Amino acid sequence: MTIAPPPVAETTRNVAIAGNPNCGKSTIFNALTGLRQKVGNYPGVTVERKMGRFFGSHGEPMTLLDLPGSYSLQVRSPDEAVARDVLLGRRADTPRPDVVIAVVDASSLERSLYLVAQMLDLQIPTIVALNMVDVAERRGIIINLPALEEELGVPVVPMVATKSLGMVELKQAVSRQLLAAPKRLLPIPEPIRAEAESIAGELKVSPEVAFAEALLLLTLHDQALGDLAENNPAVVESVLAAQARLRALEIEPLSALVEARYEWIHEVCSRVVHKPGESGLTISDRMDMILTHRVWGWVSFLGAMTLMFVCIFTLAQIPMEWIDNGAKWLGQWVSTHMPESDLRSLIVDGAIPGVGGVVIFLPQILILFFFLGILEDSGYMARAAFMMDRVMSSVGLHGKSFIPLLSSFACAIPGIMATRTVENRNDRLATILVAPLMSCSARLPVYALMIAVLIPTASSFAKSGIMLSMYLVGIVAAFTMAWFFKKTLLKSDTPMLLLELPPYRRPSLRGIATRMVERAGIFLRRAGTVILALSILLWALATYPKPPAGATRAEAISQSYAGRMGHFIEPAIRPLGYDWKIGIGLVGSFAAREVFVGTMGIVYNIEGEVKDDTSSLRDTMRSERHPDGSLVYTPLVCISLMIFYVLAMQCISTVAVVRRETNSWRWPLFQIGYMTALAWLGAFAVFHVGHWIGFQ
Amino acid sequence: MNPLLDQLLVAFLILCAITFFVVRMLRKRGKPGCDAGCGCSATKLGTADKRR
Numbered sequence: 002m003t004i005a006p007p008p009v010a011e012t013t014r015n016v017a018i019a020g021n022p023n024c025g026k027s028t029i030f031n032a033l034t035g036l037r038q039k040v041g042n043y044p045g046v047t048v049e050r051k052m053g054r055f056f057g058s059h060g061e062p063m064t065l066l067d068l069p070g071s072y073s074l075q076v077r078s079p080d081e082a083v084a085r086d087v088l089l090g091r092r093a094d095t096p097r098p099d100v101v102i103a104v105v106d107a108s109s110l111e112r113s114l115y116l117v118a119q120m121l122d123l124q125i126p127t128i129v130a131l132n133m134v135d136v137a138e139r140r141g142i143i144i145n146l147p148a149l150e151e152e153l154g155v156p157v158v159p160m161v162a163t164k165s166l167g168m169v170e171l172k173q174a175v176s177r178q179l180l181a182a183p184k185r186l187l188p189i190p191e192p193i194r195a196e197a198e199s200i201a202g203e204l205k206v207s208p209e210v211a212f213a214e215a216l217l218l219l220t221l222h223d224q225a226l227g228d229l230a231e232n233n234p235a236v237v238e239s240v241l242a243a244q245a246r247l248r249a250l251e252i253e254p255l256s257a258l259v260e261a262r263y264e265w266i267h268e269v270c271s272r273v274v275h276k277p278g279e280s281g282l283t284i285s286d287r288m289d290m291i292l293t294h295r296v297w298g299w300v301s302f303l304g305a306m307t308l309m310f311v312c313i314f315t316l317a318q319i320p321m322e323w324i325d326n327g328a329k330w331l332g333q334w335v336s337t338h339m340p341e342s343d344l345r346s347l348i349v350d351g352a353i354p355g356v357g358g359v360v361i362f363l364p365q366i367l368i369l370f371f372f373l374g375i376l377e378d379s380g381y382m383a384r385a386a387f388m389m390d391r392v393m394s395s396v397g398l399h400g401k402s403f404i405p406l407l408s409s410f411a412c413a414i415p416g417i418m419a420t421r422t423v424e425n426r427n428d429r430l431a432t433i434l435v436a437p438l439m440s441c442s443a444r445l446p447v448y449a450l451m452i453a454v455l456i457p458t459a460s461s462f463a464k465s466g467i468m469l470s471m472y473l474v475g476i477v478a479a480f481t482m483a484w485f486f487k488k489t490l491l492k493s494d495t496p497m498l499l500l501e502l503p504p505y506r507r508p509s510l511r512g513i514a515t516r517m518v519e520r521a522g523i524f525l526r527r528a529g530t531v532i533l534a535l536s537i538l539l540w541a542l543a544t545y546p547k548p549p550a551g552a553t554r555a556e557a558i559s560q561s562y563a564g565r566m567g568h569f570i571e572p573a574i575r576p577l578g579y580d581w582k583i584g585i586g587l588v589g590s591f592a593a594r595e596v597f598v599g600t601m602g603i604v605y606n607i608e609g610e611v612k613d614d615t616s617s618l619r620d621t622m623r624s625e626r627h628p629d630g631s632l633v634y635t636p637l638v639c640i641s642l643m644i645f646y647v648l649a650m651q652c653i654s655t656v657a658v659v660r661r662e663t664n665s666w667r668w669p670l671f672q673i674g675y676m677t678a679l680a681w682l683g684a685f686a687v688f689h690v691g692h693w694i695g696f697q
Numbered sequence: 006m007n008p009l010l011d012q013l014l015v016a017f018l019i020l021c022a023i024t025f026f027v028v029r030m031l032r033k034r035g036k037p038g039c040d041a042g043c044g045c046s047a048t049k050l051g052t053a054d055k056r057r
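One line per chain: the protein sequences are A and B, in this order. Each position in the first sequence, counted from 1, maps to that position plus 1 in this note's numbering. Each position in the second sequence, counted from 1, maps to that position plus 5 in this note's numbering.
Honestly, the hints are just simulated from the structure, not real lab data. Treat the hints with care, since some could be wrong.
Pairs of lysine to any residue residues, derived as SDA-like cross-links and limited to a Cα-Cα distance of at most 25 Å, are as follows [said to hold, decoys possible]:
id	chain 1	residue 1	chain 2	residue 2
1	A	Lys-329	B	Phe-26
2	A	Lys-205	A	Asp-94
3	A	Lys-547	B	Thr-24
4	A	Lys-547	B	Arg-29
Values in this document were obtained by computation on a predicted structure and should not be read as measured data.
Model the full structure from these sequences, guided by the hints.
In structure tokens, the structure reads:
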């Protein structure tokens, strides 16, 4: 007899992964589902709903949900609220989990057990995944697993998620047929228990969560209860009456529950955890003495950034030459094998320089992501946030805002999404408004081209110095604007920073390599779709209408649609030192910054002065002259253009995400307006102040 | 190359490029999150949701 496997579409269990930030939830999620995701090791990286599918030890399909990291069910931020709501079955879009994998950091068990203690009250079958046992072992911490299982009353699986150790055992535990809901072990002060049971009876929720909901309601302050009063006036009245009765007995519900839970956790840990003496400093502590030092910390930070940019300019040269030669060869091959026609011009002057001009920067972008991955995986990012807290608070921003701002170096979109960890609305809005000022990877091709035009023969150190300066200009602009917004539009007090500094870890090269491959895929897909389509349209705009017979190529592009557009905006950009051809690049790159490079390639190619490669584009731009014979790309124009791209919005995807995150068109439109004005003024100031000082 | 065929092929490619952006815009309307084009690492979220 054969047993038919269950249909693929059927899900036997909804499993959720919950735990503190930075305890390895996303790593376990990736290992179980095979889905690739970004795994960071600073608090708050999981801000989205992440679902996947995996198969139990007998092949039964299950749904897996990666909940945002939280320290407690008494929530402080929107992402913690999502985790609480899913566990309590409050969300209509997500079913209440059948099983919860509570991920716990073995090296700091006492702190991690607080959330577990709250989850045990929820009456959901729970499995504790005791992660990072290797880190605990290295610190000499011994955990008695059978005793811990007995104390918690749920299965405990020791794991090292980064090495996929314990995955099989975890799958077996989740696949067990009979998973009982945990027993309530936590000693709750009797008056609070009585009040909670009384309130639970009034709640119109399932009996399993009623007690936990009642406990949470009892710990809410007046304002939060006021918000609930509109829908449940009777329940809120009962809660207020219960709180008053408890206070009459000198019991503050929240602090009494916190104390009771920590007392229980302390007792559990004293029975199951054996720690060595606290005398010695860990390696992380010793490293922190240097890396978070008020002087050496900054030296290390700037050193790391300099190393990153020098590598971007030196290591990337060889693969960039390969891509360059490849594009050159392809252009020549098409030219020799196709008769002269508009189609050939579209391919040779439009598609190949447009796409090739952007793809050539892939190696530099990959090196940027390699370094960001190392900084993130090693635990250094959290130190950088800690060091920046003083700077952040001086401009009125919360220390947590630094993590979204740091993520924006890669792309403003995940950065803006990461602002969900910022509790205060005004702090969050200020962070969203300034996040696109941090130089994202799409600006890299523009900076690289303009630096090549500015100083083609200079050393890599000089080039990386200019690149680093552009990044610093972005940072200074972001902080200045944040300070301005917090003083004017978005006034509010900023709470103190509470940040977990994870121990330093050896970065997972495999994980970083996976992310780089993913990044390359996204970049190439974008080049093959959006950039290709834009290149075709820009070629058409720069080619049609056809000029009268006998016109030169320069006259032809001047009277084309693109030329007319460039001429149209020329009065607005002339004060910045730009001509109408740069205007075409600025208009063309409104949707995405990196399109500027491809657009310039198309414009100069159609004009007939470039021979299919970016080094020639650089040379053409260097020798480009105004009708009066003066150079177009003077050093001041190059720097002014880079400043314009540092400060301008120029990214449609970011606009869409800001619209979604702020739930209104008001903020993204305001952001486009202020950033464009800032970019214009910045470029204007550079150009004219530079002239005034005596530069060209 | 036949000039008419040349013009037809160029017009076809330009129309394809325009259609690409129109379809992309229509598909994005009303959908939360970003797509593969935005360049952020949240892309796989969309894939995960579709697989459910």
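Here's how the hints hold up against the structure:
Note on A:Lys-329 and B:Phe-26: the hinted pairing is violated, with a Cα-Cα distance of about 28 Å set against a maximum of 25 Å. Taking the CA atoms of A:Lys-205 and A:Asp-94, the gap is near 19 Å; set against the 25 Å cutoff, the hint holds. This hinted pair checks out: A:Lys-547 and B:Thr-24 have alpha carbons roughly 23 Å apart, not beyond 25 Å. Under the criterion of a C-alpha separation no larger than 25 Å, the hint pairing A:Lys-547 with B:Arg-29 is inconsistent with the structure, at around 30 Å.
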